[in-house]
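Chains A and B supply the protein sequences, listed in that same order.
Counting from 396, one number per residue, gives the positions in the first sequence under this note's numbering.
Counting from 120, one number per residue, gives the positions in the second sequence under this note's numbering.
Worth flagging that the hints you see were computed from the coordinates, not collected in a lab.
Among the clues, some could well be false.
[Unchecked claim] Part of the chain B face toward chain A, derived, beta carbon under 7 Å:
(1) Gly160
(2) Gln161
(3) Leu162
(4) Arg177
(5) Tyr188
(6) Phe205
(7) Thr216
(8) Ala217
(9) Phe220
(10) Gly221
(11) Gly223
Just so you know, even glycine gets a beta-carbon here, dropped at the ideal spot from N, CA and C.
Okay, here's what each chain looks like letter by letter:
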Amino acid sequence: ETGVTQSPTHLIKTRGQQVTLRCSSQSGHNTVSWYQQALGQGPQFIFQYYREEENGRGNFPPRFSGLQFPNYSSELNVNALELDDSALYLCASSLYNSPLHFGNGTRLTVT
Amino acid sequence: GIQVEQSPPDLILQEGANSTLRCNFSDSVNNLQWFHQNPWGQLINLFYIPSGTKQNGRLSATTVATERYSLLYISSSQTTDSGVYFCAVPSTNQAGTALIFGKGTTLSVSS
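All chains should be built: construct the whole structure from the sequences, respecting the hints.
Below, the structure written as structure tokens:
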């Protein structure tokens with residue numbers, strides 16, 4: 396059974412740029428969630444995708460957007476990067492309303 | 120929305136010691152998860168425990184849903200137990216399976 400994989404592992408971007416993070420779901424899972432974890436904090440929910448539709452969104456601005464593909468993999472896109480976007484971005488997959496399984500995360504640094 | 124509080128924020132132990140981590144939540148929940156975040160950032164599922172007690176090796180967890188708290192017990196701690204422990208509960212104002220995380224307990228086990 397393949398777990399949740401995220402790419403890239405690390406990324407450095409400049410303020411104002413755009414970034415795309417990628418996530419492959421664990422085999423058999425149809426739901427993908429994205430979380431942002433700032434240093435020293437717990438993860439915060441960005442949004443969730445189920446059957447290729449956004450199915451819940453946290454308190455994040457529209458410049459955070461996502462996609463889920465027919466194979467249940469997902470992308471997180473962030474436009475107009477700000478310094479405060481520097482964080483660990485975690486992807487989790489699951490069956491709907493079941494325990495989440497997280498990937499190793501992508502550490503984004505915005506300079 | 121629901122609030123999650125964890126205590127203590129930091130815990131320092133000698134190898135072999137036992138510890139109890141607490142998670143309080145402000146509203147009724149239908150599930151609760153405990154996670155261990157290792158030094159590389161990966162969130163590892165420990166327990167999915169909406170109520171009752173579960174054990175897995177040296178770790179056990181108890182959730183008393185009627186009193187809105189959960190406890191994570193670590194016995195005979197090892198250096199590999201070091202890291203941050205999070206509890207998370209479903210959001211009460213989000214669709215899907217958005218989780219609300221506490222701020223975590225940082226555990227340091229020395230040999």
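Do the hints match the structure? See the list:
The beta carbon of Gly160 (chain B) comes within 5 Å of a beta carbon in chain A, closer than 7 Å, and the hint placing it at the interface holds. Below 7 Å, beta-carbon pairs count as interface contacts, and Gln161 (chain B) has one with chain A at about 5 Å; its hint therefore holds. With its C-beta approaching chain A no nearer than about 4 Å, Leu162 (chain B) sits inside the 7 Å limit, and its interface hint holds. With a cut of 7 Å, the hint placing Arg177 (chain B) at the interface with chain A is violated, because the nearest CB-to-CB distance is about 21 Å.
Look at Tyr188 (chain B): its Cβ only gets to about 17 Å from chain A, farther than 7 Å, so that hint breaks. Given the 7 Å rule on beta carbons, the hint for Phe205 (chain B) holds: about 6 Å separates it from the nearest Cβ of chain A. Interface restraint check for Thr216 (chain B): the shortest CB-CB distance to chain A comes to about 5 Å, inside 7 Å, so the restraint holds. Look at Ala217 (chain B): its Cβ gets to within about 4 Å of chain A, closer than 7 Å, so that hint holds up.
For Phe220 (chain B), the interface hint holds, the least distance from its beta-carbon to any beta-carbon of chain A being 3 Å, beneath 7 Å. Taken as an interface hint, Gly221 (chain B) checks out: its beta carbon lies about 6 Å from the nearest beta carbon of chain A, inside 7 Å. Given the 7 Å rule on beta carbons, the hint for Gly223 (chain B) holds: about 6 Å separates it from the nearest Cβ of chain A.
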